[in-house]
Amino acid sequence: MNYKKYSNNAFNIHIITTDKFKSVTMKINFKKQINRKDITYRNLLTKVLLQSNKNYPNKQLLEIATEELYNQGVSANNYVSGNYVITSFNTVFLNEKYTEKKMNEKAISFFLDLILNPNINKGEFAYFDIAKRLVQDEIESIKEDTRSYSIQRLSEEVNKMIYNPIGYMEDLNTITNKDLYNYYLNMLNSDLVDIFIIGNIDAESTKKLLLKNVKINTAKKPSLSHFLENKISRKTKTIKENIDIAQAKLCLGFKLDQLSDFERKYVMNAYCYILGGGPDSKLFKNVREKHSLCYNISCFYRAVSNIMIIQAGINKEDANKCISLIKKEMNKITKGNFDDNDVKASKIVSLSALKEIEDYQSSIIKVFESHEYLGFDLLDERSSSINNITKEDIINISKKIHLDTIYLLEGENNEEN
Amino acid sequence: MKKTKIEKFDLDLYYEKLDNGLEVYMIPKNNCNNVYVTFSTKYGSNDIEFVPINSKKMIKVNDGIAHFLEHKLFEQKSGVDPFTFFSENGADANANTNQVKTTYLFSGTNNTIENINYLLDYVQDPYFTDKNVEKEKGIITQEIKMYLDDPDTILYETLLKNTFNIHPIKYPIIGTIESINKITKEELYTCYNTFYNPSNMFIVITGNIDKDEVIKTIKENQKKKKFKTINEIKTKKYDEKDEVCLEHQTIDASNITIPKTAIAYKIKYDKNLYINLLYLLILFDIKLGATSDFTKTMMDQKIINSDLYIDYINTDKHIVITIFGESKTPDKLLEKIKEEMHNLDTKEEEFARKKKTLISSLIYISDNIFSLNHNVMNDIIKYGQFNEDKYNVIKDLNYIDYERFINNLNLNNTSSIIVEPKKVS
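Chains as they are written, first to last, in my numbering: chain A, 66 to 482; chain B, 21 to 445.
One thing to keep in mind: the hints can contain errors.
Stated by the list, open to error - Straight-line Cα separation of at most 30 Å, DSS-like style, residue types lysine-lysine; simulated pairs:
(1) Lys208/A x Lys205/B
(2) Lys124/A x Lys322/B
(3) Lys412/A x Lys231/B
(4) Lys415/B x Lys167/A
(5) Lys181/B x Lys208/A
(6) Lys205/B x Lys350/A
(7) Lys171/A x Lys375/B
(8) Lys420/A x Lys272/A
(9) Lys205/B x Lys386/A
(10) Lys171/A x Lys28/B
(11) Lys85/A x Lys236/B
(12) Lys300/A x Lys330/A
(13) Lys202/B x Lys355/A
(14) Lys409/A x Lys392/A
(15) Lys322/B x Lys197/A
(16) Lys171/A x Lys367/B
(17) Lys205/B x Lys162/A
(18) Lys261/B x Lys393/A
(19) Lys197/A x Lys348/B
(20) Lys243/A x Lys254/B
Since the hints were derived computationally from the structure, they do not count as laboratory data.
Note that this is a predicted model, so its numbers are computed, not measured.
Using the sequences and the hints, build the whole thing.
Here's what the structure looks like:
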């Protein structure tokens, strides 16, 4: 595997060459410091751009084209990364070695056209209305997945900067087609742009192709860090919301206080793995296996937001019992009341997962993406750092984790058995 | 060991059937780091009526028992938790149950041989007690409640319930809160002893392995254990009608805002399941998929905002093509789908394009050890063995045969469902 980065001030190109895969994966990120209104704009924009472009003026023609290109996959999504919002366009296509000559270039041009050659008429997007209905549908059905809804609600309560990545109805109602087009032009000219491409390709000719076809010329410089800062409050907030569901969702949100670089990159993941990372964890073994209170319980860490979340699906009557069991397990860790083997297992699993990263193009891209944006280490440095984690590190970090908010999405009809 | 080249995959399949009947399938892929191992029994939620081993009488067990059994195999007499074992060996372990099989699995980049030995050992060493069975009921009740809040699960389960009359595919894999609470230790052992015999099981391994070392390990492991010989497991055969149980139902769910709808086409087949499936998926994709005139019209008329999702499920007699969509006017969408499927004309160029995408999908599969493994398991369950010749089968599909198939197709047996938002009283 070979990695090269080129910069022309307007955008960065990251080319990773490897002969492991029969397909090629490409990702283009547009990154901007976040304002709430950006989210709805960007969700609309990704929807409208995937409807059509100048060469394929409706979605049916676009879909037929992807099939002609040997089932090329295209998608787009937006995510909130601390102080930034990132709009990603993704594609995967078969390497021309397995299809026909010149197909790589055709597939790349097809993908770039979706982003850079939109179907515009008199300063307005075609198919704005359908994009708007799609975003409206997403906003309206946000409670359908009770797990992700409860996690999002909790996150907003812990830090209001953690916006949902879908958008807001009051913003959607005010955005006109012309506004969206202006927003799009502004995005091309002022966003930080990174292009990632991985596969069995020639780096030099791919670079040339991208420099020729990506016509973004404005020079830009990043300023602010991604990471959100936390104000630790002494009191824990409790919030309950009632909707008509069978299973209550309990979420605990924790703020992390002044983590070191090493803790942020490595120790926090190990702590989460030991506490609630999977079926071998403290929470799974106690709250689920010993007390039969839930089917799923997990603990995870959002590095850029600087928070940790514990989530479980339970009977609402059991909420207090669950909370006290969770606190008990966390206290045990703080007191050092856990095994060296727990730390060892977390390291072995992380090291194994690290090797697995090289099996998937999308995970390899993520490594370089987090290196570029967050200063996270590349694979070799990661494995030596993981090996350095000690039990003391886990105990020390546990003292920096502060419960901020308890959020309970309550079910009303809990009594059917 | 039998070696077969898999066309278009640039990979080989190694196969061996052990003396105790266990079948081993291996696809070494040594340019990746990870290994994915699945150990499955041909036993799922459909198998609720059967003749237990050492018995002559057909019995009926509680719904959801195959899934319950899957949970319980993680209980070990030694007290060692399989999840802890795999975690300490750097592997991710899990298990899952569907209508026709139960699979125990792990993936990891290290200690493959130890992990394979342990996978075989824990699945082949059940330890059920009254106490540990009782404990599981609370956990599975929460799992059932989690699905009760998932509108897509409700939609799919109701659709199957209404499509079938007597075949047990009509019941949820997980069972009901009532049925799982009746499950006992004895019932679990009866199911285990019947269906977890090696002659009813298979292992599929994909990824970075030394095939000779792996087969040696599995053989030595199995040699140490004694199993009863079973000639054939008798499960009940269902004389399922071609007609559906209920043609339409509208139900409500509390946490949705946009109505969801689905329609099932129940189609009888006699033989050549794979070819039948290919023709049907091509047909429905041309008529109702993302590239169809139908989808374009429905979007232009604001009946749908995104593509329909087309899938299938099959039994020994029927293929059911299922189509899912979201619409604020679900009645209209269903009516239009039925209308569209009255005229099955397609164009040869569309047929050729769909063939091209099917072949492309095969190449994508060969890049990923998880997709590869699932592909092999799926074939074993559906066709009794891995079909290594898919590429040529697809390549040789021709339009005349396809048209002949379509002309004889009966699409009259349908069941549809709408899930609406609950009205606030």
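Verification of the supplied hints:
no.	hint	verdict
1	Lys208/A x Lys205/B	39 Å, violated
2	Lys124/A x Lys322/B	14 Å, holds
3	Lys412/A x Lys231/B	28 Å, holds
4	Lys415/B x Lys167/A	23 Å, holds
5	Lys181/B x Lys208/A	26 Å, holds
6	Lys205/B x Lys350/A	22 Å, holds
7	Lys171/A x Lys375/B	20 Å, holds
8	Lys420/A x Lys272/A	28 Å, holds
9	Lys205/B x Lys386/A	29 Å, holds
10	Lys171/A x Lys28/B	23 Å, holds
11	Lys85/A x Lys236/B	28 Å, holds
12	Lys300/A x Lys330/A	28 Å, holds
13	Lys202/B x Lys355/A	21 Å, holds
14	Lys409/A x Lys392/A	23 Å, holds
15	Lys322/B x Lys197/A	12 Å, holds
16	Lys171/A x Lys367/B	26 Å, holds
17	Lys205/B x Lys162/A	56 Å, violated
18	Lys261/B x Lys393/A	57 Å, violated
19	Lys197/A x Lys348/B	15 Å, holds
20	Lys243/A x Lys254/B	68 Å, violated
Consistency note: the structure conflicts with the earlier hints numbered 1, 17, 18 and 20.
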